[in-house]
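Dock the two chains into a complex; use the hints.
From first to last, the protein sequence lines are chains A and B. Under the numbering used here, think of the first position of the first sequence as 1, with each following residue one higher. Under the numbering used here, think of the first position of the second sequence as 142, with each following residue one higher.
Don't read these hints as lab results, they were simulated from the structure. Do not rely on the hints blindly, as some may be mistaken.
What the hints assert, rightly or not - Straight line, CA to CA, 25 Å or less: simulated SDA-like cross-link-like pairs of lysine to any residue: (1) B/Lys200 / A/Glu54; (2) B/Lys160 / B/Thr226; (3) B/Lys160 / A/Leu76; (4) B/Lys150 / B/Asp182; (5) B/Lys160 / A/Gly78; (6) B/Lys160 / A/Val79; (7) B/Lys224 / B/Glu162; (8) B/Lys209 / B/Gln195; (9) B/Lys200 / B/Thr143; (10) B/Lys225 / B/Glu177; (11) B/Lys160 / A/Glu54; (12) B/Lys160 / A/Phe82; (13) A/Lys130 / B/Thr143; (14) B/Lys160 / A/Arg99; (15) B/Lys200 / A/Arg99; (16) B/Lys160 / A/Ala22; (17) B/Lys225 / B/Asp203; (18) A/Lys130 / B/Asp203; (19) A/Lys130 / B/Glu205; (20) B/Lys166 / B/Glu202; (21) B/Lys166 / B/Glu177; (22) B/Lys225 / B/Ile163; (23) B/Lys166 / B/Asp203; (24) B/Lys209 / A/Arg123.
Stated by the list, open to error - Some but not every residue of chain A turned toward chain B, in silico, with C-beta under 10 Å: (25) Phe75; (26) Leu89; (27) Arg103; (28) Pro106; (29) Arg109.
These figures come from a predicted structure and were not determined experimentally. Note that beta-carbon positions come from the ideal geometry of N, C-alpha and C, so glycine has one too.
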Amino acid sequence: MPSVAFPHAYPFRFVDTVSRPADEGFSGAVRIRVSANSRAAMGAGWPSSLLYAEAIAQAALLLEAGDAETGRRGFLAGVSDFESARLPLAGETLDVDVRLAGRFGPVFRFDGRVVSGEETLARGSVLVRKGDKGEGQGEGR
Amino acid sequence: MTREELAPKVKDLIVRRLKLEIDPKTIDDAAPLFGEGLGLDSIDALELVLGLEQEFQIKVEDEEVGVKAFASVNALCDFIEQKKTA
Chain A
1 MPSVAFPHAY
11 PFRFVDTVSR
21 PADEGFSGAV
31 RIRVSANSRA
41 AMGAGWPSSL
51 LYAEAIAQAA
61 LLLEAGDAET
71 GRRGFLAGVS
81 DFESARLPLA
91 GETLDVDVRL
101 AGRFGPVFRF
111 DGRVVSGEET
121 LARGSVLVRK
131 GDKGEGQGEG
141 R
Chain B
142 MTREELAPKV
152 KDLIVRRLKL
162 EIDPKTIDDA
172 APLFGEGLGL
182 DSIDALELVL
192 GLEQEFQIKV
202 EDEEVGVKAF
212 ASVNALCDFI
222 EQKKTA
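Bound conformation, chain B alone (with noise of 0.2 Å):
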C-alpha cells in the first residue's frame, strides 16, 4: 500500500473510531493529532490502539511507542509501514 493510499485510511480509521465529526480530508497530514490539532487526549489514545490493532493487526507495545506514533497522520504512516514491513 501505497502513502497515498494509507494516509486516506488512517484518517478514516480516526475519524471514525473517535466518532469526529468532521471530514477526514480535512485532517492535515502533518498537524499534531493531541493538543493544538485535533485534541485528542489519552481515552483518543486508547481507541487509536485498539483499531490499529483491530484494522492493522498492528500492536502498540507501551505508551512510549504510542506518543511517537499519535504525533500526527504522517508519523502513524511511517509507524504502520515500519511495523508491515518488520
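So here's chain A without its partners, still in its complex pose (with noise of 0.2 Å):
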C-alpha cells in the first residue's frame, strides 16, 4: 500500500504496513517497526502504553476506512478494558490485530491486540470516531 494512503502524517504515523487486509467480518492485521530515530520512541522505545491504544485505532481507521481521507477524518474517541505488558523497544517489530467489535452510526468499537514475536504486549477495546472533532456534536446527546 503507498505511503500516501496511510491517515496519519510522520511523526504519528505508525503504521507501517498492511499485513492482512479487512475481511467482510472486518478483522485485519497492520505491521508497525518501533525505530529508534522515530519521534515516538525518541531513543529507547515508546515511552507510554498510550500509544499502544493509538496504534490500534489507527490500524482500525485505516483498515475500515480503506482510504487516507475518511481515515483523517476519524479519531480516537476512548479506550476500554486495555491492558499493556510491557512497552516496546526500538528494534522490535510490532503486529497489530483489529477486529470490529460493533458500531453505532460513526462511532466504533474495535478489539486489538499487539505481539512481537510470541508475546502479546497489549489488548483492548479502542472507540474511534468517524467524522472531524466537532462534526455532528450534540447528536445523540
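Laid out in C-alpha cells, this is it:
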C-alpha cells in the first residue's frame, strides 16, 4: 500500500505496512516497526502504553476506512478494558490485529492486540469516531 | 419475562455496561437516557448496542432504530419485547 494511503503523517503515523487487509467481517492486521529514530520512540522505545491504543486506532481506521481521506477524518474517542505487559523497545516489530466489535452510527469499537513475535504486549478495545472533531456534536446527547 | 422483571435487568445492564456509579433502582423508567436524563452520549449508545447483543441476543440494525430504542428504559423494554416476540 503506498504511503499516501496512510491516514496519519510523520511523526504520528505508526503503521508501516498492512499485513492482512480487512475481510468482510472486519478483521485485519498491520505491522509497525519501532525505530529509535522515530519521534514516538525518541531513543529507547515508546514512552507510554497509550501509544498502543493510538496504534490500534490507527490500524482500525486505516483498515476500516480504506482510504487516507476517511482515515484522516476519524479519531480515537475512547479506550476500554486495556492492558499492557510492557513497552516496546526500539528495534522491535509489532503486529497489530484488530477486529470490529460493533458500531453505532459514526462510532466504532475495535478489539485489538499488539504482539512482538510470540509475546502479547498489549490488548484492549478502542472507540473511534469517524468524522472531524466537532462534527455532529450534540447528536445523541 | 414480564415488564416488572425486564425493567430491572435493563437498568442493571445500563449501569454495569456504562460503569455508572448509581443505584440502578434510581433510574426512572420514563426518563430520557440521553441528554437531560442520564446524560448518555453516542459512545455510551454503542456500549448499550453491544450489551444488548451479548446479553439479550438482540441486534440494533441501525442508528435510527437505536435512537428510538434508547429513548428511555420503557422504550428499551418495548424494543426488547418486540424483538423477542418477532
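key: Structure versus earlier hints, numbers of those that do not hold, lowest first   = 1, 2, 7, 10, 13, 16, 20, 22, 23, 24, 25 and 26
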